[in-house]
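There are 6 protein chains.
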Amino acid sequence: MAELTHFDGDGHAHMVDVSDKAVTSRVAVAEGCVKMQPETFALITEGRAKKGDVLGVARLAGIMGAKKCSELIPLCHPLPITKVALDLTPDASLPGIRIEATVKTTGQTGVEMEALTAVSTAALTIYDMVKAAEKTMEICDIRLVLKDGGKSGLFEAKRG
Amino acid sequence: MAELTHFDGDGHAHMVDVSDKAVTSRVAVAEGCVKMQPETFALITEGRAKKGDVLGVARLAGIMGAKKCSELIPLCHPLPITKVALDLTPDASLPGIRIEATVKTTGQTGVEMEALTAVSTAALTIYDMVKAAEKTMEICDIRLVLKDGGKSGLFEAKRG
Amino acid sequence: MAELTHFDGDGHAHMVDVSDKAVTSRVAVAEGCVKMQPETFALITEGRAKKGDVLGVARLAGIMGAKKCSELIPLCHPLPITKVALDLTPDASLPGIRIEATVKTTGQTGVEMEALTAVSTAALTIYDMVKAAEKTMEICDIRLVLKDGGKSGLFEAKRG
Amino acid sequence: MAELTHFDGDGHAHMVDVSDKAVTSRVAVAEGCVKMQPETFALITEGRAKKGDVLGVARLAGIMGAKKCSELIPLCHPLPITKVALDLTPDASLPGIRIEATVKTTGQTGVEMEALTAVSTAALTIYDMVKAAEKTMEICDIRLVLKDGGKSGLFEAKRG
Amino acid sequence: MAELTHFDGDGHAHMVDVSDKAVTSRVAVAEGCVKMQPETFALITEGRAKKGDVLGVARLAGIMGAKKCSELIPLCHPLPITKVALDLTPDASLPGIRIEATVKTTGQTGVEMEALTAVSTAALTIYDMVKAAEKTMEICDIRLVLKDGGKSGLFEAKRG
Amino acid sequence: MAELTHFDGDGHAHMVDVSDKAVTSRVAVAEGCVKMQPETFALITEGRAKKGDVLGVARLAGIMGAKKCSELIPLCHPLPITKVALDLTPDASLPGIRIEATVKTTGQTGVEMEALTAVSTAALTIYDMVKAAEKTMEICDIRLVLKDGGKSGLFEAKRG
Numbered sequence: 001m002a003e004l005t006h007f008d009g010d011g012h013a014h015m016v017d018v019s020d021k022a023v024t025s026r027v028a029v030a031e032g033c034v035k036m037q038p039e040t041f042a043l044i045t046e047g048r049a050k051k052g053d054v055l056g057v058a059r060l061a062g063i064m065g066a067k068k069c070s071e072l073i074p075l076c077h078p079l080p081i082t083k084v085a086l087d088l089t090p091d092a093s094l095p096g097i098r099i100e101a102t103v104k105t106t107g108q109t110g111v112e113m114e115a116l117t118a119v120s121t122a123a124l125t126i127y128d129m130v131k132a133a134e135k136t137m138e139i140c141d142i143r144l145v146l147k148d149g150g151k152s153g154l155f156e157a158k159r160g
Numbered sequence: 001m002a003e004l005t006h007f008d009g010d011g012h013a014h015m016v017d018v019s020d021k022a023v024t025s026r027v028a029v030a031e032g033c034v035k036m037q038p039e040t041f042a043l044i045t046e047g048r049a050k051k052g053d054v055l056g057v058a059r060l061a062g063i064m065g066a067k068k069c070s071e072l073i074p075l076c077h078p079l080p081i082t083k084v085a086l087d088l089t090p091d092a093s094l095p096g097i098r099i100e101a102t103v104k105t106t107g108q109t110g111v112e113m114e115a116l117t118a119v120s121t122a123a124l125t126i127y128d129m130v131k132a133a134e135k136t137m138e139i140c141d142i143r144l145v146l147k148d149g150g151k152s153g154l155f156e157a158k159r160g
Numbered sequence: 001m002a003e004l005t006h007f008d009g010d011g012h013a014h015m016v017d018v019s020d021k022a023v024t025s026r027v028a029v030a031e032g033c034v035k036m037q038p039e040t041f042a043l044i045t046e047g048r049a050k051k052g053d054v055l056g057v058a059r060l061a062g063i064m065g066a067k068k069c070s071e072l073i074p075l076c077h078p079l080p081i082t083k084v085a086l087d088l089t090p091d092a093s094l095p096g097i098r099i100e101a102t103v104k105t106t107g108q109t110g111v112e113m114e115a116l117t118a119v120s121t122a123a124l125t126i127y128d129m130v131k132a133a134e135k136t137m138e139i140c141d142i143r144l145v146l147k148d149g150g151k152s153g154l155f156e157a158k159r160g
Numbered sequence: 001m002a003e004l005t006h007f008d009g010d011g012h013a014h015m016v017d018v019s020d021k022a023v024t025s026r027v028a029v030a031e032g033c034v035k036m037q038p039e040t041f042a043l044i045t046e047g048r049a050k051k052g053d054v055l056g057v058a059r060l061a062g063i064m065g066a067k068k069c070s071e072l073i074p075l076c077h078p079l080p081i082t083k084v085a086l087d088l089t090p091d092a093s094l095p096g097i098r099i100e101a102t103v104k105t106t107g108q109t110g111v112e113m114e115a116l117t118a119v120s121t122a123a124l125t126i127y128d129m130v131k132a133a134e135k136t137m138e139i140c141d142i143r144l145v146l147k148d149g150g151k152s153g154l155f156e157a158k159r160g
Numbered sequence: 001m002a003e004l005t006h007f008d009g010d011g012h013a014h015m016v017d018v019s020d021k022a023v024t025s026r027v028a029v030a031e032g033c034v035k036m037q038p039e040t041f042a043l044i045t046e047g048r049a050k051k052g053d054v055l056g057v058a059r060l061a062g063i064m065g066a067k068k069c070s071e072l073i074p075l076c077h078p079l080p081i082t083k084v085a086l087d088l089t090p091d092a093s094l095p096g097i098r099i100e101a102t103v104k105t106t107g108q109t110g111v112e113m114e115a116l117t118a119v120s121t122a123a124l125t126i127y128d129m130v131k132a133a134e135k136t137m138e139i140c141d142i143r144l145v146l147k148d149g150g151k152s153g154l155f156e157a158k159r160g
Numbered sequence: 001m002a003e004l005t006h007f008d009g010d011g012h013a014h015m016v017d018v019s020d021k022a023v024t025s026r027v028a029v030a031e032g033c034v035k036m037q038p039e040t041f042a043l044i045t046e047g048r049a050k051k052g053d054v055l056g057v058a059r060l061a062g063i064m065g066a067k068k069c070s071e072l073i074p075l076c077h078p079l080p081i082t083k084v085a086l087d088l089t090p091d092a093s094l095p096g097i098r099i100e101a102t103v104k105t106t107g108q109t110g111v112e113m114e115a116l117t118a119v120s121t122a123a124l125t126i127y128d129m130v131k132a133a134e135k136t137m138e139i140c141d142i143r144l145v146l147k148d149g150g151k152s153g154l155f156e157a158k159r160g
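Protein chains in written order, with the numbering used here: chain H, 1 to 160; chain C, 1 to 160; chain U, 1 to 160; chain L, 1 to 160; chain E, 1 to 160; chain W, 1 to 160.
So that you can see chain H by itself, here it is in the shape it has in the complex (with noise of 0.2 Å):
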């Protein structure tokens, strides 16, 4: 059976020794998307240019979150990130808005958590700036999509 690489031995929590990987280019793509009725759909997607840009602070938090990745999941390694972009896209037929984010650095190690950690902050900053007009948004589906640099090589999920 697989290890768990972030404990030792005795089962205890450590942060993995990475210093004698090679410093090499990674990148991860990480998606995710916030299910709500059409009505708050609506107001998100017409809203955008008169009653405020609900997608455009999602993606600056999904940003800052990325860099805070290190800070939250207790056993990350602190990047120096390289790279950050979000896409969030309203579809229609779920409806919600699609997330999905890119980072990449320069690093001993991957940098899936950041994308990770972006889709979900934006994600509960799309339910914070519209939970006044409902309460029932679901956040869904986050998962890795690319991960590539490093030993382990490339890994992409199976689409759809």
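There may be inaccurate statements among the hints.
Each pair may be met inside one copy or between any two copies, as identical chains are not told apart.
Unchecked claim - Straight-line alpha carbon distances no greater than 25 Å define the calculated SDA-like cross-link-like pairs of lysine to any residue that follow:
no. : residue 1 : residue 2
1   : Lys35     : Pro80
2   : Lys21     : Asp8
3   : Lys135    : Asp8
4   : Lys158    : Thr89
Worth flagging that the hints you see were computed from the coordinates, not collected in a lab. Note that the coordinates shown come from a computational prediction; the quantities given were computed from them, not determined experimentally.
Got chain H sorted already, so can you dock chains C, U, L, E and W onto it with the hints?
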């Protein structure tokens, strides 16, 4: 149509003025889950005693995440949280881990974002600790379950 | 001569004891501006709709900066902020952006540092976003405009 | 017209990708000042030895502020800062305090925002420590003085 | 045998519910020391005027450390601190520096952790500033000296 | 007499310039302990399985504390930590808990402050979790045990 309270009349984001709201006891409960392969589920549940307590680490991360909520969510008010508790329950039917967070405060605004942030941070931490074994886990169904205290009164989500 | 309240009788810095001050509604307003070349000014004002909302990003940064005030300013008291709002107004006569921040709390000490920190953080963010186009921008005239609540009563700066 | 690099083609804010930039030695120098009444100026300069070292506190706040830059400025990259120094010089001709900050890194992007944040935080701290004596102080003329290292080469502001 | 209040009936860590505790004035005093070689002690005490004020830097670090307590200690409640003061006294008989921190709040739980964190942070800062001269310094005897306010009443440690 | 490197020629605190130091593998080990009454010791050691894992919580707090070092210690350089591990060992002869922290980085300066901060934060967390049972615990004998990498070479403290 409902208004988005986090924007003023010109569509500019602001932190809503809660100065005139009463200081009352407030509580919020949120839930969510992390879905995984049966092998990964076994790794967490069977390994708890000897190989490392994934859920114990995730529980702490969730508690500390609740305290970071107003730093992460741009328009959230800082609040003196008076209680945070997380339940993390392995559920073989997912298979995966169910997470429930309860947060209380005595303050001028609610703590639903703190509860949702606690669930979200605990879920990300589970992902982080087990990602060496499986990269296809999904964080799902994060939602508000209960909110009480304050002017808007009791909200309870429909179960299942 | 007036005393510097942030030092004790031996000249040692301390966080002033506000334990016995009344919990009252407090408000502070601060202002400042960022001066720039006309071409840079045009870049910000003409680009708002299509090319990116510099002022929207700066506004959010200012709101979040107000929440970080007691972390940045060594002897500031942490306070449960109840409102933050920023106005960012392009002014062709500078040319540049005028920034005004309003902060409220219900607490034992004032929020002028929070308002000044909000202005300052918004100004730095404008600089950051436009610095690829111009490095000679200046952040100017940051000052307290109004303060009310608490024992010292109303303060209003002379306008212009 | 120049482009705003912090926005992508759709006008969405992102943290610029610096993955392919060279790791080089970089330095930035910024300056600014706090203007005040002669009585307040005397309070700071005459009180340094006995009544409390306002400038010593502000210098430390500026150093720590530089380290918080990427938390405060939404699209700033986190960087391993290798040096921060602040000069705080009383200038009777203002009257007030002149602040200059020098920041270095060995990294993939520049440190001008760190230097500007250091000046800004030191200025706010001076305001905080003396505000009981004067509320009309102004923080002025914060600007970049020098930047070197990296592809864009040397920038030097015109002096006075 | 006494119960550990930071765990629930199942042995799971939680942040204790203080929602029903009274908001009262609370104070805590903690102390500790840093022991060093006589030459190091001389470096600190003789150098204060001319060569740099180690104790001034450590005092500020302690004050700011108190404000970070609830971020550092996982199950600590965030509290609106109303006073922090540190005394740092050179003691040739150690030789070393004695540190005492006093913290107050008006809140629902005590501030002993804030006082202990202030002492601890000040001690670490002294170590940091002098470590180029001596690596064998020890941080010792950090303990609670006094606690008052709240249901449990007055606690005073026996003095030496 | 040795110089205090954290002050410049005028006695002003600064963050030392490490720009020209080599990027090398660095390691530091620090230790300390928390002394307590035998009854308190029993509460921790006997309760681990059923009543709550004090040492597990303290271990995580220590790991996260190491990551906060450069925020807490004013003149510390931020560093990309590559490993943190803590050993917490009950020692009936104290009685109390012995703490040892190991930190690694690949950087331009050492990690002894990170190791000492990890020990200190773990010790404070033990105090916090057990303080309802005993307020007279003491945090003792925090010191550097080993440091290697960088120009100054190997340092090893004398044991016992």
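Status of the hints after comparison with the structure:
1. Lys35 - Pro80: neither (33 Å within a copy, 30 Å between copies)
2. Lys21 - Asp8: within (18 Å within a copy, 33 Å between copies)
3. Lys135 - Asp8: Close across copies (21 Å), not inside one copy (42 Å); limit 25 Å.
4. Lys158 - Thr89: Intra 20 Å, inter 28 Å, cutoff 25 Å: intra-copy only.
Hint check: a violation occurs at hint 1 only; the rest are consistent with the structure.
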